[in-house]
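Just so you know, the sequences run in chain order Z and Y.
For the first sequence, this note's numbering assigns the number 2 to the initial residue and increments by one for each residue that follows.
For the second sequence, this note's numbering assigns the number 2 to the initial residue and increments by one for each residue that follows.
No lab work stands behind these hints, which were simulated from the structure alone.
Be careful, since some hints might not be right.
[Unchecked claim] Reference listing, derived: stretches of chain Z covered by chain Y, where coverage requires no fewer than 3 residues with Cβ under 8 Å from a Cβ of chain Y:
id, region
1, 55-67
2, 74-84
3, 130-142
4, 152-158
5, 318-332
6, 357-364
[Said to hold, decoys possible] The calculated DSSO-like cross-link candidates involving lysine-lysine, where the alpha carbons are at most 30 Å apart (straight line), are:
id, chain 1, residue 1, chain 2, residue 2
7, Z, Lys4, Y, Lys4
8, Z, Lys268, Z, Lys315
9, Y, Lys268, Z, Lys4
10, Z, Lys227, Z, Lys275
11, Y, Lys268, Y, Lys185
12, Y, Lys315, Y, Lys384
13, Y, Lys268, Z, Lys268
14, Y, Lys19, Y, Lys180
15, Z, Lys275, Z, Lys38
16, Z, Lys268, Y, Lys227
17, Y, Lys384, Y, Lys302
18, Z, Lys227, Y, Lys268
19, Z, Lys302, Z, Lys275
20, Y, Lys19, Y, Lys227
21, Z, Lys227, Z, Lys19
Ideal placement from N, C-alpha and C gives every residue a C-beta, glycine not left out.
There are 2 protein chains.
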Amino acid sequence: MNKVCVTSVGSTKYGKLKESIVELAVDAASDAIKNSKIEPSDIQYGFISNVFGVADNQVHLAPVIMSSLGLPHVPGLTIESACGSGSVAFREAYANIAAGFYDVILVVGVEKVTHTGTGRSTTLFSYCSDFFYEGGSGASFPGLFASMARAYLTKYKATEEDLAMVAVKNHEHGIFNPKAHVKKKITVEDVMNSPEVASPLKFLDCCPFSDGASAVILCTEDFAKKHGEDYIEVIGSGRGASPAAVQGREDPTTIPSTRAAAQQAYKQANLTPKNIDFAEVHDCFTIAEMIDIEDLGFFDKGSAAMAVREGLTKLNQGEITINPSGGLKSKGHPIGATGIGQVVEVYEQLLGKADQRQVEDAEIGMTHNFGATGASCAVHIFKRV
Amino acid sequence: MNKVCVTSVGSTKYGKLKESIVELAVDAASDAIKNSKIEPSDIQYGFISNVFGVADNQVHLAPVIMSSLGLPHVPGLTIESACGSGSVAFREAYANIAAGFYDVILVVGVEKVTHTGTGRSTTLFSYCSDFFYEGGSGASFPGLFASMARAYLTKYKATEEDLAMVAVKNHEHGIFNPKAHVKKKITVEDVMNSPEVASPLKFLDCCPFSDGASAVILCTEDFAKKHGEDYIEVIGSGRGASPAAVQGREDPTTIPSTRAAAQQAYKQANLTPKNIDFAEVHDCFTIAEMIDIEDLGFFDKGSAAMAVREGLTKLNQGEITINPSGGLKSKGHPIGATGIGQVVEVYEQLLGKADQRQVEDAEIGMTHNFGATGASCAVHIFKRV
Chain Z
2 MNKVCVTSVG STKYGKLKES IVELAVDAAS DAIKNSKIEP SDIQYGFISN VFGVADNQVH
62 LAPVIMSSLG LPHVPGLTIE SACGSGSVAF REAYANIAAG FYDVILVVGV EKVTHTGTGR
122 STTLFSYCSD FFYEGGSGAS FPGLFASMAR AYLTKYKATE EDLAMVAVKN HEHGIFNPKA
182 HVKKKITVED VMNSPEVASP LKFLDCCPFS DGASAVILCT EDFAKKHGED YIEVIGSGRG
242 ASPAAVQGRE DPTTIPSTRA AAQQAYKQAN LTPKNIDFAE VHDCFTIAEM IDIEDLGFFD
302 KGSAAMAVRE GLTKLNQGEI TINPSGGLKS KGHPIGATGI GQVVEVYEQL LGKADQRQVE
362 DAEIGMTHNF GATGASCAVH IFKRV
Chain Y
2 MNKVCVTSVG STKYGKLKES IVELAVDAAS DAIKNSKIEP SDIQYGFISN VFGVADNQVH
62 LAPVIMSSLG LPHVPGLTIE SACGSGSVAF REAYANIAAG FYDVILVVGV EKVTHTGTGR
122 STTLFSYCSD FFYEGGSGAS FPGLFASMAR AYLTKYKATE EDLAMVAVKN HEHGIFNPKA
182 HVKKKITVED VMNSPEVASP LKFLDCCPFS DGASAVILCT EDFAKKHGED YIEVIGSGRG
242 ASPAAVQGRE DPTTIPSTRA AAQQAYKQAN LTPKNIDFAE VHDCFTIAEM IDIEDLGFFD
302 KGSAAMAVRE GLTKLNQGEI TINPSGGLKS KGHPIGATGI GQVVEVYEQL LGKADQRQVE
362 DAEIGMTHNF GATGASCAVH IFKRV
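Extracted from the complex, chain Z is given alone in its bound form:
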């Protein structure tokens, strides 16, 4: 297998944006190309990560994006795995380079939904659940994650204030991210006093609906070296799956797909959770981050609330920095882009380009991104070279 590197990244701001889905994708891709030493003509393939192109009247995005980039003869495709699309697309691109099929691949994640409004966006997103058992029966994602949160709080004697502290931390980190959607410091009281969405989750326990695009360029190590690029190496990749509906799982306080994906990635990288300096994890709701950091092996089962309470996941203050970018909660969650945006953050962190949110001495970073309530998941581990 070829060694695979991330050699350049680009991103739009995340938020409520006016550009079309194609413009967003092209902006991020152009940014990644401009930030590298490669020529556009070096790009051999395009992986697009997107879920609801239909919301902006454009599916079949790869040919449109490639044509807009002046690369009409470069083939591509779209990969969808709900909110985990980005990490899944990244993994497929990784596999194609590792296997020697291509030397240079552009991966673009993009989403454009805010123009449809909160109601329509909530409905669209519910199509990512097991719609027969969940969305179609009235259980949209806030409700599903609320059921996981209630189970977690009950089982592990954690509190709603513990959940709130996840939001507070991620907003503290996001303040330093120029691309973040919600750059606003909040307090535990702010979260507790925000409107209830689905008990025990309140408005500030939930990530926003965001538009945005992120892009990364993957290549072989040989190519990166030859072109004198700044690059990081992908040293572990894992995929997992869970029963699609939460009700099909034995324990709603753990996500099987995260555990399976992480185990594979750790094994490939020959590392343990202790070796990870920081991680971008999937915090679509505060409860998700609590569950993630246990399933990824950073903290024992049932101890995440304690870890958050004691500040062990804060930037450069505890055991491991979780979501230095601000996470989905503050940075935003343009669902097709999210997993790619996580790689953008890891790249900037490992190359020491993260300014005020820089994780000190960052050598090993992880991305963790799942779809729906964790029905699908991919985990990647990256190393500073």
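Dock chain Y against chain Z, hints included.
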């Protein structure tokens, strides 16, 4: 690279179906599993090919399908490349096995749109065009293919009756296909007298909107042999791209993505067009098949009309059998399933299981499936073992 085999296939009927998108996918997948000697637990990964899951309220199809099959811990993803999704998904699954990442992969193509009606389906499909330049400006697919047809007829002095003969032939083949959507013999006069859709294309020049699902199981040759399976081998795979909008192409009577994909597939298989015994090609409109059989190298540029007129593409009567299944025109076109359905046909043909539509002495078969007006394309070549 590992040798990659197709070891089992399954399919629903194509047509206006009452089942949900998930039921269709599970029916086809179950059929493929039942037709093989493998255990469901042998399946390591699932590739889903689908475009408009949103039309039946279910995206993130892989976890739902896998959970429904009793395989909730098997990861998967959805690949979209408009009407070419099936062949593109097939290629990615092929690449994963060739590279040694997995031994056994289930690929399921599925689409469910007819319940939305012809108007809504036409609008949805137009999102597969370059919507800014095409669909959004009123050019839906019948109009775009009509412009290609007009250019072709003018440039090569072909007639509307020549186009009609493509439809007549494919309906003749489809009569023998128990899974076909439109099993009805038609005449050139029927086509010429059918309502004009977009001049020079008439109603019977157009394939139908169809629901349906097809599934194939891919595996390494070692696995297939060990399990005593009937299998065929994938010996060539190619991908191509064209400028997304027809107006961006130098010549609207040829599709660059077909030519690029075919060249790669021929090169890998070390074959020429003369070696192909039959091909399933993308005949969404009659003009498409005319252009395909030239771009694939079966006939010289400008001579397809003559070939069709002289019956050279009819089942066992000419130089090469084109669309023994009935093609998109008669078999139907459930867009996410189409490219996988082509592989189902090739499998049945190469194993001598095609009954009255059997291509005599079939040893080498090809699939050709593109997205939109050919913005994306994949071509595969298969061999009887």
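For each hint, the structure was consulted:
no.	hint	in the structure
1	55-67	holds (count 9)
2	74-84	holds (count 10)
3	130-142	holds (count 6)
4	152-158	violated (count 0)
5	318-332	violated (count 0)
6	357-364	violated (count 0)
7	Lys4/Z to Lys4/Y	holds (23 Å)
8	Lys268/Z to Lys315/Z	holds (26 Å)
9	Lys268/Y to Lys4/Z	holds (27 Å)
10	Lys227/Z to Lys275/Z	violated (33 Å)
11	Lys268/Y to Lys185/Y	violated (38 Å)
12	Lys315/Y to Lys384/Y	holds (21 Å)
13	Lys268/Y to Lys268/Z	violated (37 Å)
14	Lys19/Y to Lys180/Y	holds (15 Å)
15	Lys275/Z to Lys38/Z	violated (35 Å)
16	Lys268/Z to Lys227/Y	holds (28 Å)
17	Lys384/Y to Lys302/Y	holds (27 Å)
18	Lys227/Z to Lys268/Y	holds (28 Å)
19	Lys302/Z to Lys275/Z	holds (15 Å)
20	Lys19/Y to Lys227/Y	violated (39 Å)
21	Lys227/Z to Lys19/Z	violated (39 Å)
Violated hints, in rising order: 4, 5, 6, 10, 11, 13, 15, 20, 21; the structure is consistent with all others.
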